[in-house]
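In order, the protein sequences belong to chains A and B. When the letters of the first sequence are read in order and numbered with the working numbering, they come out as residues 20 to 412. When the letters of the second sequence are read in order and numbered with the working numbering, they come out as residues 20 to 412.
Keep in mind that the hints were calculated from the coordinates and are not lab data. Treat the hints with care, as some may be off.
Any copy will do: because identical chains look the same in the list, a pair fits if it lies in one copy or spans two.
Result set (EDC-like, lysine to aspartate or glutamate): computed pairs, CA atoms no more than 16 Å apart in a straight line [unchecked claim]: (1) K163 - E287; (2) K163 - D290; (3) K189 - D223; (4) K281 - D223.
There are 2 protein chains.
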Amino acid sequence: MLDLQTQRTTPQERDLIARLERLSSSAGSHSPSLTMMQEALPDIDVRIDACYLSNPLATDLFWSHFNSDASKDPRFFMRMLEAYPSQNRIIAERFSHAIAVDPGRIFIANGATEAIQAVLHNYSSHVHVNVPTFSPYYEFATPKHEVTTFQLDQDEDFVLDPERYVQSVKRSGADAAILITPNNPDGYQIPDDHLEWILSQLSDLRTVVVDESFIHFSREAESQRLPTLVGLTDNYPNTTIVKSMSKDFGIAGIRAGYAIMKPSRVNELLDHGYLWNINGLAEYFFSLFSRPEFLDEYRTVLKTYNGYIFEFKLKTSAAGFIRSYPTGANFQLMRITNGMTSELVTTLLLLRHGVYVRNCADKIGLDGEFIRVAIRTEPENALIFQALEDVLA
Amino acid sequence: MLDLQTQRTTPQERDLIARLERLSSSAGSHSPSLTMMQEALPDIDVRIDACYLSNPLATDLFWSHFNSDASKDPRFFMRMLEAYPSQNRIIAERFSHAIAVDPGRIFIANGATEAIQAVLHNYSSHVHVNVPTFSPYYEFATPKHEVTTFQLDQDEDFVLDPERYVQSVKRSGADAAILITPNNPDGYQIPDDHLEWILSQLSDLRTVVVDESFIHFSREAESQRLPTLVGLTDNYPNTTIVKSMSKDFGIAGIRAGYAIMKPSRVNELLDHGYLWNINGLAEYFFSLFSRPEFLDEYRTVLKTYNGYIFEFKLKTSAAGFIRSYPTGANFQLMRITNGMTSELVTTLLLLRHGVYVRNCADKIGLDGEFIRVAIRTEPENALIFQALEDVLA
Chain A
20 MLDLQTQRTT
30 PQERDLIARL
40 ERLSSSAGSH
50 SPSLTMMQEA
60 LPDIDVRIDA
70 CYLSNPLATD
80 LFWSHFNSDA
90 SKDPRFFMRM
100 LEAYPSQNRI
110 IAERFSHAIA
120 VDPGRIFIAN
130 GATEAIQAVL
140 HNYSSHVHVN
150 VPTFSPYYEF
160 ATPKHEVTTF
170 QLDQDEDFVL
180 DPERYVQSVK
190 RSGADAAILI
200 TPNNPDGYQI
210 PDDHLEWILS
220 QLSDLRTVVV
230 DESFIHFSRE
240 AESQRLPTLV
250 GLTDNYPNTT
260 IVKSMSKDFG
270 IAGIRAGYAI
280 MKPSRVNELL
290 DHGYLWNING
300 LAEYFFSLFS
310 RPEFLDEYRT
320 VLKTYNGYIF
330 EFKLKTSAAG
340 FIRSYPTGAN
350 FQLMRITNGM
360 TSELVTTLLL
370 LRHGVYVRNC
380 ADKIGLDGEF
390 IRVAIRTEPE
400 NALIFQALED
410 VLA
Chain B
20 MLDLQTQRTT
30 PQERDLIARL
40 ERLSSSAGSH
50 SPSLTMMQEA
60 LPDIDVRIDA
70 CYLSNPLATD
80 LFWSHFNSDA
90 SKDPRFFMRM
100 LEAYPSQNRI
110 IAERFSHAIA
120 VDPGRIFIAN
130 GATEAIQAVL
140 HNYSSHVHVN
150 VPTFSPYYEF
160 ATPKHEVTTF
170 QLDQDEDFVL
180 DPERYVQSVK
190 RSGADAAILI
200 TPNNPDGYQI
210 PDDHLEWILS
220 QLSDLRTVVV
230 DESFIHFSRE
240 AESQRLPTLV
250 GLTDNYPNTT
260 IVKSMSKDFG
270 IAGIRAGYAI
280 MKPSRVNELL
290 DHGYLWNING
300 LAEYFFSLFS
310 RPEFLDEYRT
320 VLKTYNGYIF
330 EFKLKTSAAG
340 FIRSYPTGAN
350 FQLMRITNGM
360 TSELVTTLLL
370 LRHGVYVRNC
380 ADKIGLDGEF
390 IRVAIRTEPE
400 NALIFQALED
410 VLA
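When you get a sec, could you build the whole thing from the sequences and use the hints?
In C-alpha cells, the structure reads:
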C-alpha cells in the first residue's frame with residue numbers, strides 16, 4: 020500500500036493520511052464521527068457525509084416541524100431540556116397507534132443499538148450472525164456468549180440461500196439467529212416468502228432477530244402505513260423486530276429506535292430498567308408520529324429520496340471503474356477492482372473531494388477491498404459519483 | 020380521606036382530583052412528568068415544578084451557552100440532530116480533564132439511571148438498600164436478585180448510624196450496598212469520616228455504590244473543582260460513584276450522567292454495549308465541561324442557588340404548620356402533621372396554587388404522610404412557602 024500511496028499522493032496528502040490513520044485507530048470500533056473528524060483535522064473540508072446512512076430530506080422535514088413548533092412557544096425547546104422525559108411505556112402507548120402495533124409489544128429504545136444490546140444480553144447465549152453484518156450483533160456478545168457465522172457469498176451478490184441458512188443455524192447449535200433485511204453493509208433484501216419460510220423453520224429457536232432498519236428504502240410506502248415486516252413476524256413470538264429510526268428519519272443524533280417483541284419480554288425489560296432512556300428530543304420525535312400530516316409529508320419525502328437512490332444505482336451499476344452490488348437500502352457496497360486499497364480510496368475521496376465514505380477493511384467476512392457509499396441528495400450524489408470516477412478511473 | 024376531601028374541597032376540585040388520580044396510576048412507577056400532566060389536564064395551570072429536582076439557574080446557564088453557540092453557526096444544532104454522536108470512550112476522554120478522573124474509570128451514561136442499571140445488573144446479585152431511597156435501586160433488581168433493606172429512622176432525622184449500618188449489611192449477606200449522600204428523599208448527608216469508615220469496613224464486598232447526585236448542593240464549590248466524593252473512594256476499587264447531572268445542571272431532558280468505577284468494569288461494560296448511548300445534545304453538554312469559563316459561571320450560579328436553598332430551609336424549619344427535616348440537598352422532605360393525607364395536600368397545592376410537589380405516599384420505608392419539595396428560585400420559593408402555608412396552616 021505504501022508504494023501506491025507514494026505513487027498516487029502528494030507529500031501534503033501523505034501527512035493528512037497519517038493523521039487520519041491515527042484518528043481512526045482512536046475512534047473506537049466504528050468510523051470516526053463527523054464531529055470528531057472536523058475537530059481533529061480542521062484542514063480537511065468534509066463536504067459530503069456518505070459514511071453514515073441517513074435520509075437528508077427527512078432531516079430537513081424534522082427540522083422544519085421542530086422550528087415551527089418552537090416558534091409557537093418560546094419555552095418549547097427549553098422545557099424539553101429541563102424536564103424529565105416520559106417513561107418508556109408512556110411513549111410506547113402514544114407511538115403504538117402510528118405503527119399499528121399493540122403497545123405491550125413495543126420496547127422504545129435509545130437508538131436501535133440499545134434494543135440490540137437488550138435482546139442479545141437477555142435472550143441469547145449463542146448468536147448466529149451472517150457475515151458481513153452490522154458489527155454490534157457480534158460485538159455486543161459478552162464473554163459468556165458463543166458467536167458463530169454464516170458466510171454470505173459476494174460472488175452471488177450476498178444473496179441469502181434460505182435452505183443453506185436454516186441448515187447452518189441448526190447445525191451451529193445457536194439459540195439466537197440474526198437477520199438484517201436489507202442487510203448492512205451489502206443491501207441484500209430477503210424476499211418475503213423466503214423470510215416467512217425461514218421463520219417457520221426457526222420457530223423453535225429461543226430468539227430470531229429481524230432488523231428492518233433500512234426497510235423504508237426498499238419498498239413503496241403504502242397509503243396508510245410505512246413499510247414494515249411486523250405483520251410477517253406476527254405468528255412467531257420468538258421473533259423480535261429491531262428498527263433504527265436514525266436512517267430513514269435522518270436523526271442519528273437524537274437516538275431513537277424500537278423493537279417489537281412478545282409482551283412478556285417487554286415487561287421483563289421494563290420492569291427492571293430503562294426507566295428514562297428516551298431524551299426529551301426523542302420523545303418529541305416519537306410524538307410527531309401521532310400527527311398524520313407529519314407521516315404524509317414523510318412519505319412524500321421518502322418517495323423523492325427513493326427516486327435519488329434509484330438514479331444513483333443506475334449510474335454506478337453502469338460504471339466500469341468499480342463493481343457495485345444490488346441494494347435494497349440507501350447505500351451501496353462497492354468493490355475496488357483497480358488494485359488500490361479501500362483505505363487509500365477512502366482517504367483520497369476525503370482529501371481531494373471532501374467525500375467521506377465507509378472503508379470496509381474492518382468488516383469480518385468481507386474478503387477484498389470494499390467501500391460502502393451512502394446515497395444522498397441528487398446534487399450530492401453527482402459529486403460523489405464524480406469523486407469516485409476521479410479517484411478510481 | 021374522602022371525608023377530609025369533602026370538607027376541604029369544592030366539587031370542581033374533587034373532579035380534578037379524580038382525574039389526577041387516574042393520571043398518576045397510569046404514569047408508571049414515578050410521578051407523572053410535567054409534559055404528561057399538561058397534556059392530560061390542560062385546565063390545571065402548573066406554575067412551579069417543585070417535584071423534579073433541578074437547579075433552574077443552571078438550566079438558564081446551559082440555555083445561554085447553547086444559544087450563543089447556535090447563533091455563531093446556523094448548522095450547529097441541526098448537525099447535532101443529524102450526525103451520529105461520538106462513542107462512549109471518546110466522550111469520557113474529553114470529559115476526564117474537567118473532573119480530574121482517569122478516563123478509563125469513567126462510564127458515561129444516558130442519565131444516572133442507566134449507570135444504576137448497568138451496575139446492578141452486572142455487579143450485584145443481592146442488594147442492600149437504605150429505606151426510604153431512590154426507587155430504581157430496588158426496582159432495577161431483577162427476579163434473580165435478592166433485595167434487603169436498612170431502615171432509616173425519621174425520629175433521628177434519617178441519620179445513618181455507621182456501625183449499625185455496617186452490621187446490617189454484613190448480616191444481610193448482600194454482595195452490594197447502596198449509599199446515596201445526600202440521600203433522596205430525606206436529604207441526609209453522610210459525614211466524610213463516617214463514609215470513609217463504612218467503605219473501609221465494606222472493602223471486601225463485591226460492590227458499594229455511592230450516589231453523589233446531590234453533592235453540589237451540600238458543599239462549597241472549591242476554586243478549581245466541583246464537589247465530589249471520588250477522592251474519598253479512590254482506595255476502594257469495589258466502590259462505584261454514581262452521578263446524575265440532571266439536578267445540578269438542570270437538564271433532566273438531555274439524559275446525562277456518569278459512573279466512576281474500576282477500569283476492568285468500565286471495559287467489560289463498554290466492550291459489549293453502550294456504543295452510541297449518548298445523544299448529540301448530551302455530547303454537547305459534556306463538551307461544555309472542557310471550557311473553564313462554563314465551569315466558572317456554573318460555580319457562580321451554584322453559589323447563588325445554594326443561597327436560595329439556605330434561605331428556604333431557614334423559613335421552613337421555623338414554620339409551625341409542617342415538620343421539615345434537615346437536608347444537604349436541593350429539596351426538603353416534610354411531614355404533614357395536621358391530619359391531612361399527602362395525597363390531598365399534593366393535590367390542593369397543585370389545584371389552588373399550581374405548585375407541583377412530590378407525594379411520598381409510595382415511598383417504601385417512609386411511614387406517615389410526607390411530601391418532598393424541590394427548592395427553586397427566590398420568588399418561586401416564596402410562592403411555594405405561601406402555598407404550603409395556605410393549604411396546611
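Hint by hint, here is what the structure shows:
{"no.": "1", "hint": "K163 - E287", "in the structure": "between (21 Å within a copy, 12 Å between copies)"}
{"no.": "2", "hint": "K163 - D290", "in the structure": "between (24 Å within a copy, 13 Å between copies)"}
{"no.": "3", "hint": "K189 - D223", "in the structure": "within (10 Å within a copy, 45 Å between copies)"}
{"no.": "4", "hint": "K281 - D223", "in the structure": "within (15 Å within a copy, 41 Å between copies)"}
Against the hints set out earlier in the document, no violation occurs for any number.
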